[in-house]
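*Asks:* Could you use the hints to bring the two separately framed chains together as a complex?
Each chain, letter by letter, is given below.
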Amino acid sequence: MQDLPSSVWVSAQGILKIPPPVCAAYTAVIQQSGLFEVATGSRPDPAPVGGISQELTDLHFAHAFDGSVARAQLALIDPHNEVPITSATLLRFLSGGTLCIADLPCGAGAASIAFMGSIAQLRREEYLPRVPLQVHIVGGEISAPARAYADQLITSIMPDLEEQAIFVTFELRDWNVLSPVSNSELIERIILSKATSLQTLVVVCNFNGFLERAGKKDEARPQLAELFRFCSGGTNAAVWIEPKMNAATGGLFPWLKKMFPRWSAFLKFLGSQDDDETSESKYELPLKAPSTAVARLAVLPIDLVKE
Amino acid sequence: MKPRAEALAAKAVHQYRGRDIFAYLALRYYLEARAARGDRWTEDNAAQIVLSTPEGRYLNSYHFKALRRDGSPEHRQLFVPSPSEALVEALLICSAAESWRKERSGQLFSYDPTERAERGGYFRSYMPGLRERQRAIATACLARPTATVRYVDIKAFYPSITPAQADAAWAAFSERQAISRTLVNLGHKLIRNHLFKPRESLSSRAPCSAIS
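So the protein sequences, as listed, match chains A and B. In terms of the numbering used here, the first sequence opens at residue 143 and continues consecutively. In terms of the numbering used here, the second sequence opens at residue 312 and continues consecutively.
Bound-form chain B, shown alone (with noise of 0.2 angstroms):
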């Protein structure tokens, strides 16, 4: 009997099988390997395979977004890592996250990180979040009667990040947040391989990207 796979691997697997069918089945695949179960395959040898792997190898995928008022479908177009880097991005997202928890500021609802045992995807789902964000903003408004609210959407916010953006982010918080050089190394060479992608910024929704 197959081992059950350990707390990464149930993220990683967790995380893409809500986000991409692709990117899920490759995982599932990868993990008919019994060595890449645990934990230890995931901080040893993924990590060894994403950083020795010269460029990121991505599946451009599109995902349905929204009718256009023409009725024609718009969509997001995503690049879905390789099982190796997907184990990696769960690693990364749960070493950094308690780090990350300090910095948080109050005024972020969006991209909770989950526990490292917790079951479930790289984050939060979105509603507690959405939910949590209108009662701060009744606070606010019953704090100040006057007040004017003022939505803004950024349209195709995490698309304008660019790859030098996000490093320089990535790098000013593990310094402050005193990472480990592995785990640096791996965060700068994530952001490394969306420069070699067929376009310049990073791609719409990438886990990694929400790190700033």
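Just chain A, same shape as in the assembly (with noise of 0.2 angstroms):
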């Protein structure tokens, strides 16, 4: 996107920032949660990437939540023209209508979040118009105690979305990429949202540490061609969103491309086979402004349509 407001890409000093509202609601939650210390104090080395307990997932939320928001904020304004592909997906999906994101694994909705909280900061900045948009966003995670923060976060920034006429539904599943049953029953979740929403978005963040660095690809692979055939056909995309690192984009992602012939019934990759979509920026961090961080980005666009 070219010309963006001030209040989420500042052109001079190239530093993306995360739209005010979303800022504020982190900050409750990170304070509500007794976490501010630890969110403000150094981060540690190696970066956290979450787990099912409440003091791994607190250890995630406070050190990689912004990033994380960050890197799906850069993958939608694509301010640098690096991504286009992905980019002007999003924009198409979340110009208004009906919409049901599948946002896998949800985490604490850091991409869910950060795509409707631009689009609602790009429509109170007369960037975008405001067209009625109607959200279902199906969230599946493992860990409970991310989901409870997600549910805290989007709740939270629901006000400040219905202003600019974004209207959000979401429900958040228990969901475990290995089990067979737990998938089905999350794409029954999606299946019966298709009911009211014309438009299917799958989103899928920061998978790399589970299914690369912990060998689990291979495990999933069943669960994730079931959940790309059902998801495909009719006006439905997928972008797979990573940290711009050798696990994703010399592991994860020539794996990824790998299986993409194999699902050509039902999907369609639209980037390159050579070069992966990636891109990467300064942001200002929420909790320690003006001081910044950086995000890095790589990202898969694919369509979902049947043959």
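Rather than coming from a laboratory, the hints here were simulated on the basis of the structure. Please note that the accuracy of each hint is not assured.
When the alpha-carbon atoms are kept at most 30 angstroms apart in a straight line, the in silico DSSO-like pairs for lysine-lysine are as follows [to be verified]: (1) A/K358 with A/K430; (2) A/K400 with A/K430; (3) A/K399 with A/K410; (4) A/K400 with A/K410; (5) A/K424 with B/K466; (6) A/K400 with A/K359; (7) A/K448 with A/K336; (8) A/K336 with B/K500; (9) B/K466 with B/K413; (10) A/K448 with B/K413; (11) B/K466 with B/K376; (12) B/K500 with A/K410.
Far from chain B by the CB rule (all over 10 angstroms, computed), these chain A residues [unchecked claim]: (13) G156; (14) R234; (15) F408; (16) A431.
All C-beta atoms, glycine included, are put in the ideal place defined by N, C-alpha and C.
*Replies:* The following block contains the structure:
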């Protein structure tokens, strides 16, 4: 996107800014959870990847949530015009109408919150028209504490979204990508939401830690195929967002690109086999402004169409 | 400074400036958003908004038509579309115009679509077409001096077209002219939207109702 308002992108300094209502909601939940000291302290090395327990979830939420929001926002607003296919796809689905976002694994809701918060901010700034957008989020996440954070955050930004004609309902479900039954239950919820949502956007985020580094991708493959197959058809698409790091661009993404031809009956990869869409940008830390960190993005845009 | 509205947005604004004040104001408000002013927004985003909105959003508007014998006013009932749908109308008509001209019989003198880059609404104004029609009648009269001219005015012609008839006409036209799949779906969607309005036939002079 070009000529973006300074409340989402400060072009002179090249700094991405998370929209104020999202920063306020995150700050409030961090404070209510007694995590402010942890979140404003130094970031552990290696970076936390989350987990099922409260402790691992808290550590990830305190140190990595803002980076995940910034990464998803970077994929949408694409200020450097480096991920144009992904950005155009996301904007097309988020412009208006009825939409189901399948946010997987949703963690604390970073991707959905980043998308809807950014669209609301761009509407507030008269960059995008204020067209009614009815969103139903089906979030799948194995960590119950992460689902609880997502619940609080989405609920707290809903009034700001409604001011911009974005009306959200959501359900957050226990989802284990290695379990066929858990996966089918999640898919059933997505299918049910199709009765009222004429678009489905599957958003897969930050999964390389589990699938690539923990070596689970082959075990997850049938469930991923089932997910894409059932979400295919009509006006549907998927974006797979990861941090730009070797585990993603050198491991998970090449593996997915090998899978795509096998899944060609129900999806079409929109990117290049040789080069991934990648971008990076400084972003202002919501809890330590005006300090900045760097968000690194690698993304695969996918059209969910049947042959 | 905001960018200038591109061809499709300008066309929709021109169309509704003279047609309905509320639709015009809604478009102007919508186009305050800089991203909506480009043709790409219409082709990609407005099209998807229309396709993903289950029912059409119309404002039931009444326009003065004539005075009855008793002096009371008679109105046309119009269902004016949302700004996204108005932009899609402009896209559909501009995209279908070339194919449409190929099929013109020489006996139709109205609803001549304007070129995409041309200023003005979706169709050329009525009067030049009327003059052309009168000239054609004069030529026919001179060629056949003993023939009779019969004028027929079909009352409420456009409202008499049912959505099913319009749908079938659009399907046949788009198949003959190999219209792109997205545009075909958009055409069917606009016609289907009319099914959910509180009457069975198409609105008076709905721009897309002229594509047949």
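*Asks:* Would you mind marking each hint as holding or not holding in the structure?
*Replies:* Now the hints, each set against the structure:
1. Simply put, A/K358 and A/K430 have alpha-carbon atoms about 35 angstroms apart, too far for the 30 angstroms limit, and the pair is violated.
2. With a C-alpha separation of about 41 angstroms, the suggested pair A/K400 and A/K430 falls outside the 30 angstroms cut-off, and the hint is violated.
3. The straight-line distance between the Cα atoms of A/K399 and A/K410 is roughly 10 angstroms, inside the 30 angstroms bound, and the hint therefore holds.
4. Proposed proximity of A/K400 and A/K410 is supported: the alpha carbons are some 12 angstroms apart, at most 30 angstroms.
5. Straight-line distance between C-alpha atoms of A/K424 and B/K466 comes to about 66 angstroms, which puts the hinted pair past the 30 angstroms bound.
6. Taken as a hint, the A/K400 and A/K359 pair is honoured in the structure, with Cα atoms around 12 angstroms apart against an allowance of 30 angstroms.
7. For a cut-off of 30 angstroms, the pair hint linking A/K448 to A/K336 stands: about 16 angstroms separates their Cα positions.
8. A threshold of 30 angstroms between alpha carbons decides the hint, and for A/K336 with B/K500 the separation of about 17 angstroms falls inside it, so the pair holds.
9. At roughly 28 angstroms between alpha-carbon atoms, B/K466 and B/K413 fall within 30 angstroms of each other, so this suggested pair holds.
10. Between A/K448 and B/K413, the direct Cα distance comes to roughly 34 angstroms. Violation of the 30 angstroms bound is thereby established for this hinted pair.
11. A C-alpha spacing of about 12 angstroms is found between B/K466 and B/K376, which places the hinted pair at or below 30 angstroms, so the restraint holds.
12. With a C-alpha separation of about 25 angstroms, the suggested pair B/K500 and A/K410 falls inside the 30 angstroms cut-off, and the hint holds.
13. At roughly 21 angstroms from the closest C-beta of chain B, the C-beta of A/G156 stays outside 10 angstroms, upholding its exclusion from the interface.
14. Listed as a non-interface residue, A/R234 fails to keep its Cβ farther than 10 angstroms from every Cβ of chain B; the least gap is roughly 5 angstroms.
15. Chain B leaves A/F408 outside its interface by the beta-carbon criterion, the shortest separation being 18 angstroms against a cut-off of 10 angstroms.
16. With a closest Cβ-Cβ approach of about 27 angstroms to chain B, A/A431 is found to remain outside the 10 angstroms limit, as its non-interface label requires.
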